[in-house]
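Using the sequences provided together with the hints, build the complete structure.
Residues 381 to 850 in the numbering used here are what the sequence shown lists, from first letter to last.
To be clear, the hints were calculated from the coordinates, so they are not data collected in a lab. Hints are supplied without guarantee of correctness; some may be wrong.
[Claimed, not checked] Per label pair, the in silico range of CB-to-CB distance:
1. 749 / 832: 53 to 59 Å
2. 438 / 542: 35 to 41 Å
3. 682 / 491: 42 to 48 Å
4. 542 / 728: 41 to 47 Å
5. 783 / 425: 42 to 48 Å
6. 557 / 681: 16 to 22 Å
7. 587 / 801: 50 to 56 Å
8. 546 / 742: 47 to 53 Å
[As the list claims (entries may be wrong)] With a straight-line Cα cutoff of 20 Å, these simulated SDA-like cross-link-like pairs (lysine to any residue) come out:
9. 443 / 731
10. 785 / 766
11. 416 / 741
12. 416 / 438
13. 443 / 423
14. 393 / 661
15. 443 / 404
16. 724 / 690
17. 681 / 660
18. 724 / 703
19. 681 / 711
20. 416 / 486
21. 801 / 741
22. 801 / 744
These figures come from a predicted structure and were not determined experimentally. All residues carry an ideal CB built from backbone N, CA and C; glycine is no exception.
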Amino acid sequence: MGQVPITPFGAWKSPITADLIVGETVGLGQIICDGKAIYWSEMRPLEGGRNVACQRRADGTLKDLTPPEYSIRSRAHEYGGGAYIVQDGVIYFCNNADQRLYAQALGEPPRALSAEGPWRYADMRVDAPRERLLAVRETHGDDRSEPENALVAIGFDGSVSVLAQGADFYAAPRLSPDGQWLAWLSWDHPDMPWDSCRLWLARIDANGGLSAPLAVAGGDGVAVFQPEWSPDGVLHFVSDRTGWWNLYCWSDGAAKALCPMTAEFGLPQWAFGMTTYGFAAHGTVIASYCQDGLWRLGRVKNGAIREIETPYCSFGSLKVGNGRAVFIAGHAARPPALVALDLKSGSIEIVRRSAEIDIDPGDVSRAEAVRFGSERGREAHGFFYPPANRAQAAPAGSLPPLIVKSHGGPTGQTSPAFDLKIQFWTSRGFAVLDVNYGGSTGHGRAYRELLDGQWGVVDVEDCAAGARFL
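Laid out in structure tokens, this is it:
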């Protein structure tokens with residue numbers, strides 16, 4: 381290789397172009413494991429943003445399942461999520477255009493389950509013995525000052541019954557393995573679910589309704605996330621009652637912490653269907669958790685957690701099934717991909733890439749986690765990306781220009797996962813500081829609440845402090 385040209389920082393020629401950034405990519409969404417098959421949703425910009433359910437069969441073949449005239453997307457709570465579920469090879473989904481629920485057996489056209497009307501559905505679960513879906517329903521209409529939410533059951537024959545109503549918002553109806561109990565979340569204005577919400581538990585009566593609902597976790601100033609039933613019928617959930625989103629189970633009438641630690645196992649629930657843990661064999665929980673602003677994967681058992689070594693730095697839509705952990709993997713040097721991790725051997729299989737991009741590792745800047753002092757004695761966090769370009773060098777003793785980046789908020793969070801928009805600048809000789817300012821997720825509840833009543837103050841102060849730090 382010849383001598384690398386000396387060019388001022390900020391003026392380097394880069395292989396990362398604007399066309400590359402907006403090129404052919406797909407958004408990888410909600411993952412579902414059903415038997416030996418893996419399902420996921422794809423948002424396809426080249427198809428007008430259509431969302432498609434995809435399947436990877438046990439033999440490795442990939443297949444699109446959503447007909448061209450449909451798009452899987454819920455608009456409940458506006459941000460949607462939780463727009464489909466698969467059980468025994470049948471897909472139940474909310475269609476974007478009309479927000480009706482449909483059932484689609486593999487190889488067959490979708491069949492409408494819900495009637496036309498002012499309704500939006502999300503977060504479905506199949507109640508097979510009673511031949512119905514359980515879902516969150518949001519009702520809109522000109523006669524309402526704001527939408528009304530409820531938990532409902534939609535029969536496979538199209539009948540509808542209301543299971544719970546009265547709260548401003550509902551989420552996460554979860555049916556126990558024996559079909560006898562239902563757990564769910566609710567919250568009310570002015571709270572968001574990461575401020576205060578409640579986890580409810582009720583027995584399903586002989587008529588399919590709910591009997592004597594009991595609030596088992598959460599409350600004022602406590603946020604609960606992702607209720608799930610283990611295969612042996614124990615209710616699990618994530619709660620921040622100690623100031624950190626930790627894993628709990630409900631056993632013998634009390635909430636018991638699985639492995640108390642200063643780490644976050646939960647996320648701000650802006651959308652339905654978000655997941656950070658699942659159940660493996662022999663009572664083991666496979667969970668993603670954020671410690672010191674960095675996401676990891678671990679096995680939780682017998683009151684302790686053991687990290688699972690992977691090359692990844694984020695673990696989206698984590699699902700566990702058939703001896704595998706399946707997730708949307710963020711990598712420091714490559715675009716996101718849907719991967720399957722064999723929990724016994726540790727082998728990793730890439731199921732689907734979000735983009736086919738080939739960038740030389742020498743042109744990729746890798747993040748360095750930093751923390752720095754801010755106003756009034758606060759400590760703030762971020763990721764620093766130095767300039768990186770294998771074919772360029774700057775004059776000795778010179779310093780690069782700095783771009784300070786702040787994620788959307790409140791409660792957002794940035795990670796060191798590969799981001800072409802950052803690499804666009806670092807490959808041109810700019811440094812980038814991506815700030816997790818006060819108000820971000822990943823550093824406990826107190827840090828997440830720093831932005832309350834201080835929007836445009838704390839975030840700006842922390843970004844300015846980061847620039848001074850560097």
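So, going through the hints one by one against the coordinates:
1. 749 / 832: 53 to 59 Å: Violated, at about 25 Å.
2. 438 / 542: 35 to 41 Å: 39 Å, holds
3. 682 / 491: 42 to 48 Å: 46 Å, holds
4. 542 / 728: 41 to 47 Å: 44 Å, holds
5. 783 / 425: 42 to 48 Å: With a Cβ separation near 25 Å, residue 783 and residue 425 fall outside 42 to 48 Å, so the hint is violated.
6. 557 / 681: 16 to 22 Å: Holds: the Cβ-Cβ distance is about 20 Å, inside 16 to 22 Å.
7. 587 / 801: 50 to 56 Å: 54 Å, holds
8. 546 / 742: 47 to 53 Å: 59 Å, violated
9. 443 / 731: 12 Å, holds
10. 785 / 766: Distance of about 14 Å is within 20 Å: holds.
11. 416 / 741: 35 Å, violated
12. 416 / 438: 5 Å, holds
13. 443 / 423: Given pair residue 443, residue 423 holds - Cα atoms ~15 Å apart, limit 20 Å.
14. 393 / 661: With Cα atoms ~52 Å apart, residue 393 and residue 661 exceed 20 Å; violated.
15. 443 / 404: 19 Å, holds
16. 724 / 690: Satisfied, since the Cα-Cα distance of roughly 14 Å is no more than 20 Å.
17. 681 / 660: 10 Å, holds
18. 724 / 703: OK: residue 724 and residue 703 at ~7 Å, within 20 Å.
19. 681 / 711: 27 Å, violated
20. 416 / 486: Distance of about 15 Å is within 20 Å: holds.
21. 801 / 741: 16 Å, holds
22. 801 / 744: 12 Å, holds
The structure fails hints 1, 5, 8, 11, 14, 19 (numbered hints given earlier, in ascending order).
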